[in-house]
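A.B. asks: Below, each chain spelled out in residue letters.
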Amino acid sequence: MKYSPFSQEAALGLLASLREEKGPVLMALQLMQKEFGYVDKACVELIANFFNKSRADVHGVLTFYHDLRTTPPTEHQISICVAEACQAVGARSLEKEVKAKFANETHDAYCFGNCALGPAAMVDGKIIGRATLAKIERART
Amino acid sequence: MRVFVPCDSAALSIGADEVAAAIARIDSTIEIVRNGSRGALWLETLVEVETPTGRIAYGPVTPDDVQSLFDADFLHGGTHPLSLGKTDEIEWLANQDRVTFARVGIIDPLSLSDYRAHGGLLGLIKALELSGDEIISEVTESGLRGRGGAAFPAGIKWRTAAQATSDQKYICCNADEGDSGTFADRMLIEGDPFTLIEGMTIAGIAVGATQGIVYLRSEYPYAITTLQKAIDIARADSWLGKSVLGSTYSFDIQIRIGAGSYVCGEETAMLESIEGKRGVVRAKPPLPAIEGLFGKPTIINNVLTLATVPMILAEGASAYKARGVGRSLGTQVFQLAGNIAFGGIVETAFGITLNELINTYGGGTLTKRPLRAVQIGGPLGAYFSTDQFETSMDYESLIAAGGMLGHGGIVVFDDTVDLAVQAKFAMEFCAIESCGKCTPCRIGSTRGAETIDLIIQGVRVDENKKLLLDLCEVMTDGSLCAMGGLTPMPVKSAMINFPSDFTGAAR
Numbered sequence: 001m002k003y004s005p006f007s008q009e010a011a012l013g014l015l016a017s018l019r020e021e022k023g024p025v026l027m028a029l030q031l032m033q034k035e036f037g038y039v040d041k042a043c044v045e046l047i048a049n050f051f052n053k054s055r056a057d058v059h060g061v062l063t064f065y066h067d068l069r070t071t072p073p074t075e076h077q078i079s080i081c082v083a084e085a086c087q088a089v090g091a092r093s094l095e096k097e098v099k100a101k102f103a104n105e106t107h108d109a110y111c112f113g114n115c116a117l118g119p120a121a122m123v124d125g126k127i128i129g130r131a132t133l134a135k136i137e138r139a140r141t
Numbered sequence: 001m002r003v004f005v006p007c008d009s010a011a012l013s014i015g016a017d018e019v020a021a022a023i024a025r026i027d028s029t030i031e032i033v034r035n036g037s038r039g040a041l042w043l044e045t046l047v048e049v050e051t052p053t054g055r056i057a058y059g060p061v062t063p064d065d066v067q068s069l070f071d072a073d074f075l076h077g078g079t080h081p082l083s084l085g086k087t088d089e090i091e092w093l094a095n096q097d098r099v100t101f102a103r104v105g106i107i108d109p110l111s112l113s114d115y116r117a118h119g120g121l122l123g124l125i126k127a128l129e130l131s132g133d134e135i136i137s138e139v140t141e142s143g144l145r146g147r148g149g150a151a152f153p154a155g156i157k158w159r160t161a162a163q164a165t166s167d168q169k170y171i172c173c174n175a176d177e178g179d180s181g182t183f184a185d186r187m188l189i190e191g192d193p194f195t196l197i198e199g200m201t202i203a204g205i206a207v208g209a210t211q212g213i214v215y216l217r218s219e220y221p222y223a224i225t226t227l228q229k230a231i232d233i234a235r236a237d238s239w240l241g242k243s244v245l246g247s248t249y250s251f252d253i254q255i256r257i258g259a260g261s262y263v264c265g266e267e268t269a270m271l272e273s274i275e276g277k278r279g280v281v282r283a284k285p286p287l288p289a290i291e292g293l294f295g296k297p298t299i300i301n302n303v304l305t306l307a308t309v310p311m312i313l314a315e316g317a318s319a320y321k322a323r324g325v326g327r328s329l330g331t332q333v334f335q336l337a338g339n340i341a342f343g344g345i346v347e348t349a350f351g352i353t354l355n356e357l358i359n360t361y362g363g364g365t366l367t368k369r370p371l372r373a374v375q376i377g378g379p380l381g382a383y384f385s386t387d388q389f390e391t392s393m394d395y396e397s398l399i400a401a402g403g404m405l406g407h408g409g410i411v412v413f414d415d416t417v418d419l420a421v422q423a424k425f426a427m428e429f430c431a432i433e434s435c436g437k438c439t440p441c442r443i444g445s446t447r448g449a450e451t452i453d454l455i456i457q458g459v460r461v462d463e464n465k466k467l468l469l470d471l472c473e474v475m476t477d478g479s480l481c482a483m484g485g486l487t488p489m490p491v492k493s494a495m496i497n498f499p500s501d502f503t504g505a506a507r
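Here the protein sequences line up with chains A and B, keeping their order. Take 1 as the starting number for the first sequence in our numbering and just add one per residue. Take 1 as the starting number for the second sequence in our numbering and just add one per residue.
In case anyone wonders, no lab produced these hints; they're calculated from the structure. As the structure is a computational prediction, the values presented were derived from the model and not from experiment. Check each hint, because a few of them may be wrong.
Calculated pairs, DSBU-like style, for lysine-lysine (alpha carbon to alpha carbon, straight line, at most 35 Å) [said to hold, decoys possible]:
{"hint": "1", "chain 1": "A", "residue 1": "Lys-53", "chain 2": "B", "residue 2": "Lys-437"}
{"hint": "2", "chain 1": "A", "residue 1": "Lys-135", "chain 2": "B", "residue 2": "Lys-86"}
{"hint": "3", "chain 1": "A", "residue 1": "Lys-34", "chain 2": "A", "residue 2": "Lys-96"}
{"hint": "4", "chain 1": "B", "residue 1": "Lys-465", "chain 2": "A", "residue 2": "Lys-99"}
{"hint": "5", "chain 1": "B", "residue 1": "Lys-465", "chain 2": "B", "residue 2": "Lys-368"}
{"hint": "6", "chain 1": "B", "residue 1": "Lys-126", "chain 2": "B", "residue 2": "Lys-86"}
{"hint": "7", "chain 1": "A", "residue 1": "Lys-22", "chain 2": "B", "residue 2": "Lys-296"}
{"hint": "8", "chain 1": "B", "residue 1": "Lys-368", "chain 2": "A", "residue 2": "Lys-96"}
{"hint": "9", "chain 1": "B", "residue 1": "Lys-296", "chain 2": "B", "residue 2": "Lys-242"}
{"hint": "10", "chain 1": "A", "residue 1": "Lys-135", "chain 2": "A", "residue 2": "Lys-2"}
{"hint": "11", "chain 1": "B", "residue 1": "Lys-242", "chain 2": "B", "residue 2": "Lys-229"}
{"hint": "12", "chain 1": "A", "residue 1": "Lys-135", "chain 2": "A", "residue 2": "Lys-99"}
{"hint": "13", "chain 1": "A", "residue 1": "Lys-99", "chain 2": "A", "residue 2": "Lys-126"}
{"hint": "14", "chain 1": "B", "residue 1": "Lys-229", "chain 2": "A", "residue 2": "Lys-41"}
{"hint": "15", "chain 1": "B", "residue 1": "Lys-437", "chain 2": "A", "residue 2": "Lys-96"}
{"hint": "16", "chain 1": "A", "residue 1": "Lys-53", "chain 2": "B", "residue 2": "Lys-242"}
{"hint": "17", "chain 1": "A", "residue 1": "Lys-96", "chain 2": "B", "residue 2": "Lys-465"}
{"hint": "18", "chain 1": "B", "residue 1": "Lys-437", "chain 2": "B", "residue 2": "Lys-126"}
{"hint": "19", "chain 1": "A", "residue 1": "Lys-53", "chain 2": "B", "residue 2": "Lys-284"}
{"hint": "20", "chain 1": "A", "residue 1": "Lys-22", "chain 2": "B", "residue 2": "Lys-126"}
{"hint": "21", "chain 1": "A", "residue 1": "Lys-99", "chain 2": "B", "residue 2": "Lys-492"}
{"hint": "22", "chain 1": "B", "residue 1": "Lys-437", "chain 2": "A", "residue 2": "Lys-34"}
{"hint": "23", "chain 1": "A", "residue 1": "Lys-101", "chain 2": "B", "residue 2": "Lys-368"}
{"hint": "24", "chain 1": "A", "residue 1": "Lys-96", "chain 2": "A", "residue 2": "Lys-135"}
{"hint": "25", "chain 1": "A", "residue 1": "Lys-53", "chain 2": "B", "residue 2": "Lys-277"}
{"hint": "26", "chain 1": "A", "residue 1": "Lys-22", "chain 2": "A", "residue 2": "Lys-96"}
{"hint": "27", "chain 1": "A", "residue 1": "Lys-126", "chain 2": "B", "residue 2": "Lys-126"}
{"hint": "28", "chain 1": "A", "residue 1": "Lys-41", "chain 2": "A", "residue 2": "Lys-99"}
{"hint": "29", "chain 1": "B", "residue 1": "Lys-277", "chain 2": "A", "residue 2": "Lys-34"}
{"hint": "30", "chain 1": "A", "residue 1": "Lys-96", "chain 2": "B", "residue 2": "Lys-466"}
{"hint": "31", "chain 1": "A", "residue 1": "Lys-22", "chain 2": "B", "residue 2": "Lys-437"}
Taking the hints into account, I'd like the entire structure generated from these sequences.
C.D. replies: As structure tokens, this is what we get:
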């Protein structure tokens with residue numbers, strides 16, 4: 001996936017689009033990640049100042065949610081569902097196989113709502129059903 | 001000539017886009033409609049062809065099958081090894097009672113004309129003729145209960161919010177469908193999003209709310225896209241906005257996207273998250289219906305609850321409550337998941353047995369190995385053994401059997417499952433997803449996982465089992481919400497129903 005390089009000016013421009021939103025902090029963090037691929041350290045203070053919140057408020061939200069990351073993502077992002085329905089059809093062994101090959105870019109996930117066609121995976125935003133290492137490798141290219 | 005190839009993400013996950021592309025490559029003049037899924041997910045990609053005698057189905061179709069479908073003249077319903085006959089006559093589908101899911105898989109999800117042609121907007125039009133009080137009475141009379149899992153009577157919740165006075169009220173749709181084994185909210189949003197919008201609009205009119213919010217999880221990117229498009233279409237059609245269908249009512253909807261937190265499916269944590277904060281659970285009271293989002297009266301309902309309201313208004317409360325058993329009235333959208341041969345959506349009246357769902361509809365396990373356990377109602381639901389398969393699937397019977405219906409998901413496991421490992425996972429999941437507010441949940445879950453680990457290793461098994469049960473009691477009694485309060489349910493049910501997995505001897 002392609003992201004813009006982080007800059008304070010670009011970030012402030014994006015935050016301005018949320019000026020009218022009620023309760024904007026989580027949306028702001030999500031917007032930063034969508035644009036830059038991650039939430040840069042500098043965003044905490046930017047968002048706090050922009051929306052008149054404390055840095056602790058913003059930091060608290062940033063560290064609560066699994067989706068939000070504070071370092072740039074790897075080129076490919078693989079998520080393997082390891083929740084019960086996918087466990088029932090071999091998600092744990094798939095997880096091991098995929099992590100053995102793509103350790104840096106593989107994350108656990110809990111449910112993509114594809115529980116009748118598991119194991120489920122998400123590769124660079126694309127959903128994979130009856131996932132195998134081979135299917136994941138194909139989707140990754 | 002219209003050919004239907006689903007755009008539901010379950011179908012996409014096994015190549016529906018590639019099938020559609022293969023069809024278009026061979027004959028670019030064919031009109032390919034991207035419908036939702038019929039819910040028979042093992043038949044995906046289910047390709048349908050419109051013929052003068054009805055829709056003919058083929059499945060499961062892979063891109064490699066497409067040329068042979070053309071060779072067999074599938075465009076005129078020709079016979080082919082993948083031919084399933086008329087879609088409406090596929091037994092698995094024909095035996096269901098589709099109410100909430102009546103249009104899913106049949107219509108183009110983003111075609112308002114399709115929606116209207118299949119009974120869409122009749123509920124809202126009816127609601128506009130009624131007073132708010134009359135709408136609420138109809139919903140109450142129908143017996144509709146919250147489909148998110150708590151099963152609270154929808155009409156009573158609505159009445160509470162209606163009676164609160166405020167300059168602003170909200171309708172919040174909980175679409176944070178995080179339970180493993182559940183996907184009905186996703187399929188409804190991807191397959192018939194206007195039904196949800198219609199239900200929310202009716203709720204807004206009933207209680208005097210002008211703003212709706214759908215809290216939709218980030219793990220459902222396709223649903224987010226579809227729902228946003230549907231909202232934009234409804235706005236452009238003067239359905240949402242300052243004047244709902246030309247009336248004096250105003251109503252609009254915004255999507256707020258989740259950020260990968262399971263506990264945010266708990267209604268008060270969801271409110272915190274919509275407010276942009278950490279998803280930490282609130283104490284109740286105050287009830288959200290009185291003091292909810294941004295401190296204002298708020299109705300929080302699950303997707304399926306809201307999506308059922310249009311039908312109740314259009315066809316009347318009595319038609320809905322004629323279905324079901326006891327206090328579980330209407331239909332339930334069951335979801336068959338995990339290690340199951342014929343998985344997908346089974347919507348039917350409450351009161352069907354677990355056996356009928358798992359064996360008659362589900363066809364047993366996918367692996368063809370003996371079925372050993374099912375978990376009903378998500379990660380916080382109980383593990384049942386095959387001895388309990390005659391249980392009636394309704395709210396009260398499941399509670400009596402030591403479980404809960406939850407959001408209606410059923411996850412099947414074959415005989416390779418180790419229930420002690422599943423119990424440990426329940427605790428680990430709670431440790432990962434706990435919001436941290438209540439100590440028994442935040443710390444108890446970690447101690448629980450450690451204790452189960454000791455049992456698995458055979459360390460002081462009886463002593464640790466006793467300790468685990470004691471911990472479960474503390475978590476149940478000492479947690480504000482279902483995360484800590486119900487994590488003991490899968491743990492204890494596994495211990496009770498599968499004692500041989502908790503002896504410390506390796507399985």
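A.B. asks: Give a verdict on every hint.
C.D. replies: A quick look at each hint next to the structure:
1. At roughly 22 Å between alpha-carbon atoms, Lys-53 of chain A and Lys-437 of chain B fall within 35 Å of each other, so this suggested pair holds.
2. The suggested pairing of Lys-135 of chain A with Lys-86 of chain B holds, with an alpha-carbon distance near 32 Å, which does not exceed 35 Å.
3. Pair hint Lys-34 of chain A plus Lys-96 of chain A holds up; C-alpha atoms about 29 Å apart against a cutoff of 35 Å.
4. With a C-alpha separation of about 34 Å, the suggested pair Lys-465 of chain B and Lys-99 of chain A falls inside the 35 Å cut-off, and the hint holds.
5. Restraint check: the Cα-Cα separation between Lys-465 of chain B and Lys-368 of chain B comes to about 33 Å, which is no more than 35 Å; the hinted pair holds.
6. Between Lys-126 of chain B and Lys-86 of chain B the alpha-carbon distance is near 33 Å, which keeps this suggested pair within the 35 Å criterion.
7. Taken as a hint, the Lys-22 of chain A and Lys-296 of chain B pair is honoured in the structure, with Cα atoms around 13 Å apart against an allowance of 35 Å.
8. Taking the CA atoms of Lys-368 of chain B and Lys-96 of chain A, the gap is near 24 Å; set against the 35 Å cutoff, the hint holds.
9. Taken as a hint, the Lys-296 of chain B and Lys-242 of chain B pair is honoured in the structure, with Cα atoms around 21 Å apart against an allowance of 35 Å.
10. Among the hinted pairs, Lys-135 of chain A with Lys-2 of chain A is consistent with the structure: their alpha-carbon atoms are about 22 Å apart, no more than 35 Å.
11. Annotation: proposed proximity of Lys-242 of chain B to Lys-229 of chain B holds, straight-line Cα distance about 19 Å (limit 35 Å).
12. At most 35 Å may separate the alpha-carbon atoms for a hinted pair to count; Lys-135 of chain A and Lys-99 of chain A meet this at roughly 14 Å.
13. Between the alpha carbons of Lys-99 of chain A and Lys-126 of chain A the distance comes to roughly 18 Å, so the proposed pair stays at or under 35 Å and holds.
14. About 34 Å separates the Cα atoms of Lys-229 of chain B and Lys-41 of chain A, which keeps this hinted pair within 35 Å; it holds.
15. Using a Cα cut-off of 35 Å, the hinted pair Lys-437 of chain B and Lys-96 of chain A holds, with the two alpha carbons roughly 33 Å apart.
16. With a CA separation close to 32 Å, the supplied pair Lys-53 of chain A and Lys-242 of chain B stays within the 35 Å bound.
17. The hinted pair formed by Lys-96 of chain A and Lys-465 of chain B meets the criterion: a straight-line CA distance of about 30 Å does not exceed 35 Å.
18. As the CA atoms of Lys-437 of chain B and Lys-126 of chain B are separated by approximately 44 Å, the hinted pair breaks the 35 Å bound.
19. Restraint check for Lys-53 of chain A and Lys-284 of chain B: satisfied, since their Cα atoms lie roughly 26 Å apart, inside the 35 Å limit.
20. A distance of roughly 33 Å separates the Cα atoms of Lys-22 of chain A and Lys-126 of chain B; the hinted pair therefore holds under the 35 Å criterion.
21. With a C-alpha separation of about 32 Å, the suggested pairing of Lys-99 of chain A with Lys-492 of chain B holds against the 35 Å cut-off.
22. Note on Lys-437 of chain B and Lys-34 of chain A: the hinted pairing holds, with a Cα-Cα distance of about 29 Å set against a maximum of 35 Å.
23. About 30 Å separates the Cα atoms of Lys-101 of chain A and Lys-368 of chain B, which keeps this hinted pair within 35 Å; it holds.
24. Straight-line distance between C-alpha atoms of Lys-96 of chain A and Lys-135 of chain A comes to about 15 Å, which keeps the hinted pair within the 35 Å bound.
25. For the suggested pair Lys-53 of chain A and Lys-277 of chain B, the alpha carbons sit about 11 Å apart, so the restraint of at most 35 Å is met.
26. Of the supplied pair hints, the one linking Lys-22 of chain A and Lys-96 of chain A is violated, its CA atoms being roughly 42 Å apart against a limit of 35 Å.
27. For the proposed pair Lys-126 of chain A and Lys-126 of chain B, the alpha carbon gap of about 40 Å is over 35 Å, so the pair is violated.
28. The straight-line distance between the Cα atoms of Lys-41 of chain A and Lys-99 of chain A is roughly 28 Å, inside the 35 Å bound, and the hint therefore holds.
29. The suggested pairing of Lys-277 of chain B with Lys-34 of chain A holds, with an alpha-carbon distance near 19 Å, which does not exceed 35 Å.
30. Between Lys-96 of chain A and Lys-466 of chain B, the direct Cα distance comes to roughly 33 Å. Compliance with the 35 Å bound is thereby established for this hinted pair.
31. Among the hinted pairs, Lys-22 of chain A with Lys-437 of chain B is consistent with the structure: their alpha-carbon atoms are about 24 Å apart, no more than 35 Å.
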